[in-house]
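Protein chains in written order, with numbering that gives the first Met the number 0: chain A, 0 to 98; chain B, 0 to 509.
Keep in mind the hints are simulated off the structure, nothing from the lab.
For every residue, glycine included, the Cβ atom is placed at its ideal position computed from N, Cα and C.
Heads up, some of the hints might be wrong.
Chain A regions said to be covered by chain B (calculated; three or more residues, Cβ under 8 angstroms) [said to hold, decoys possible]:
(1) 50 to 63
(2) 67 to 77
(3) 84 to 93
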Amino acid sequence: MPEISRDEVAHLADLARIDLDDAELDHLAPQLNVILESVASIQGVAGDDVPPTSHPIPLVNVFRDDVIRPGLTPQEALSGAPEVDEQRFSVPRILGDEQ
Amino acid sequence: MSTSPITRTAAELADDLAAGATTSVELTRAHLDRIASVDGDATEGVHAFLHVDAEGALASAAESDARRAAGAPLHRLDGVPIAIKDVLTTRGLPTTCASKILEGWRPPYDATVVGKIRAAGLPILGKTNMDEFAMGSSTEHSAYGPTRNPWALDRIPGGSGGGSAAAVAAYEAPLAIGTDTGGSIRQPGAVTGTVGVKPTYGSVSRYGLVAMANSLDQAGPVTRSVLDSALLHELIGGHDPLDSTSVQQPVTGLVEAALQGASGDLSGLRVGVIKELAGDGWQPGVMARFQESVDLLTKLGAEVVEVSCPSFVHAMAAYYLVMPAEVSSNLAKFDAMRFGLRVVPDGQPSAEDVMKATRDAGFGDEVKRRIIVGTYALSSGYYDAYYGQAQKVRTLISRDFAAAYDRVDVLVSPTSPTTAFKLGEKLDDPLAMYLQDLATIPANLAGVPGISVPAGLADEDGLPVGFQVLAPALADDRLYRVGAALEAAHAAAWGGPLLAQAPALQEVAR
Numbered sequence: 000m001p002e003i004s005r006d007e008v009a010h011l012a013d014l015a016r017i018d019l020d021d022a023e024l025d026h027l028a029p030q031l032n033v034i035l036e037s038v039a040s041i042q043g044v045a046g047d048d049v050p051p052t053s054h055p056i057p058l059v060n061v062f063r064d065d066v067i068r069p070g071l072t073p074q075e076a077l078s079g080a081p082e083v084d085e086q087r088f089s090v091p092r093i094l095g096d097e098q
Numbered sequence: 000m001s002t003s004p005i006t007r008t009a010a011e012l013a014d015d016l017a018a019g020a021t022t023s024v025e026l027t028r029a030h031l032d033r034i035a036s037v038d039g040d041a042t043e044g045v046h047a048f049l050h051v052d053a054e055g056a057l058a059s060a061a062e063s064d065a066r067r068a069a070g071a072p073l074h075r076l077d078g079v080p081i082a083i084k085d086v087l088t089t090r091g092l093p094t095t096c097a098s099k100i101l102e103g104w105r106p107p108y109d110a111t112v113v114g115k116i117r118a119a120g121l122p123i124l125g126k127t128n129m130d131e132f133a134m135g136s137s138t139e140h141s142a143y144g145p146t147r148n149p150w151a152l153d154r155i156p157g158g159s160g161g162g163s164a165a166a167v168a169a170y171e172a173p174l175a176i177g178t179d180t181g182g183s184i185r186q187p188g189a190v191t192g193t194v195g196v197k198p199t200y201g202s203v204s205r206y207g208l209v210a211m212a213n214s215l216d217q218a219g220p221v222t223r224s225v226l227d228s229a230l231l232h233e234l235i236g237g238h239d240p241l242d243s244t245s246v247q248q249p250v251t252g253l254v255e256a257a258l259q260g261a262s263g264d265l266s267g268l269r270v271g272v273i274k275e276l277a278g279d280g281w282q283p284g285v286m287a288r289f290q291e292s293v294d295l296l297t298k299l300g301a302e303v304v305e306v307s308c309p310s311f312v313h314a315m316a317a318y319y320l321v322m323p324a325e326v327s328s329n330l331a332k333f334d335a336m337r338f339g340l341r342v343v344p345d346g347q348p349s350a351e352d353v354m355k356a357t358r359d360a361g362f363g364d365e366v367k368r369r370i371i372v373g374t375y376a377l378s379s380g381y382y383d384a385y386y387g388q389a390q391k392v393r394t395l396i397s398r399d400f401a402a403a404y405d406r407v408d409v410l411v412s413p414t415s416p417t418t419a420f421k422l423g424e425k426l427d428d429p430l431a432m433y434l435q436d437l438a439t440i441p442a443n444l445a446g447v448p449g450i451s452v453p454a455g456l457a458d459e460d461g462l463p464v465g466f467q468v469l470a471p472a473l474a475d476d477r478l479y480r481v482g483a484a485l486e487a488a489h490a491a492a493w494g495g496p497l498l499a500q501a502p503a504l505q506e507v508a509r
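Kindly generate the complete structure, drawing on both the sequences and the hints.
Listed below in structure tokens is the structure:
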């Protein structure tokens, strides 16, 4: 894998919605490079004829009967919410200023 | 029976309960007392528990005793206390995954594994410590402070399930549940001198197991004896309609296999020693104890051959691409909206600002590292070269296993390349930490089951060594046959279980 720059780490953190500060970027960026170098050996190991495995024990068409069974009450579903308003999850504004 | 029941196995305790020689309340109280005297906190003691539910456990125990008095126990293990890794949801009990982002969360539902344990009447002593979201091999990545190895409190208990392994090693619980994504049940078992089993992928429900890497995660038993693991494995296994990756096959015959194995006859069994899992970086004392166990298998009648699994050398790289990729997706749900921590920055923050601030404050370094590596591996331009390759290597590893199982019934290796290292030694060297899982990762990638049983103490440091046995998918019974045979042969040579050689634990100040 190519060297990953501090700016790229900042960009990836942004994509992953993690607000890393400068000190964290300085700390993590070199470690990430070491990790990525160690997995780079995987390139070209398997040829085009090898199918990928996404699940170790393949299962297809997993269905179950569509029957009503007890679920969470609204109160239970909301019990861990940071903020609740009229039996709903209350969230900060979702649109930016420009929208 | 002896004055204190805590050193007895779960099977023995079940027999004591059935014979009326003890009560569940008595057993539960004895274990709670042990926790109070040796577990301590983040700064001293074993620190295997993040939460102890004395009141709930004693109430369950009293109900169990009433059932038994009425002649209606729910299960052979009804009344035998258990500890649960804090990555499984427990209704009404805190479930933190050892992360700040879930501090104080009390789930409104039970994991299927927990539901089965409750339905069988086992009192739940509490929730055990772990690396944050099960990411690590030392339990040092817990946001609430590390667990310490009962054999030497300045050393790691393995990870991620160091809390569960240390709890059974320190006689704080006779049984515990762990989860194994790359070795998190087996490696802690190895370094604490206990038994740990990773069942076949899909044979124990993942419903309510907070996912780290969903195609690799599997819950399983953590105990002091092979028979105890078999009893617990049969209890928690089986098909679950709430887990779409759950396999249909019933989980039976494990206890029988353990009992058969303990008789000590392995004639007709073909054992393959994995050639690739040895060499530089493998501690001499680990290799010596491993070879001793292999020789014992031969003595018990098994036919031992060397087997090559050439793709295993790529298992680490494949794992450290597949796992972080799944991590980056699975942990996206921690978004500060529906449950868990919410950090609101100054000003008029948007939902996205809140998410970013919360995830920065709520996740520890190792979680951040893995999410970022996974985000990278899945980004366009790198996907085919890395993540795609890793998925193909998974196929090659499965083919290696299939070819090996054409020749042998089980494969064996040391569980971990080293004994327990010192706390702090590898904390900021992620790669050195990752190497701990060299021998355990292939089984997760291929979905096959594995067990770690004690193999003795390394000559260099007097610390426990683990012996790993791997079997084909859905042939978990073979682990128990071989594990129990080895355990019985070792116990005969040592004059008792390995844990009897562990130093006595100091009581912590109360």
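ask   = In terms of beta carbon proximity below 8 angstroms, does the region 84 to 93 of chain A have 3 or more residues touching chain B?
value = Held - the region 84 to 93 of chain A has 5 residues with a Cβ nearer than 8 angstroms to chain B, which meets the minimum of three.
request  = Check whether three or more residues of the region 67 to 77 of chain A sit with their beta carbon closer than 8 angstroms to a beta carbon of chain B.
outcome  = With 3 residues in contact (Cβ-Cβ under 8 angstroms with chain B), the coverage given for the region 67 to 77 of chain A holds.
message = Just to make sure I understand the rule, a stretch counts as covered if three or more of its residues have a C-beta closer than 8 angstroms to a C-beta of the chain. Does the region 50 to 63 of chain A meet that for chain B?
response = Holds, because 10 residues of the region 50 to 63 of chain A bring their Cβ atoms closer than 8 angstroms to Cβ atoms of chain B.
Violated hints are absent here; each numbered hint is respected by the structure.
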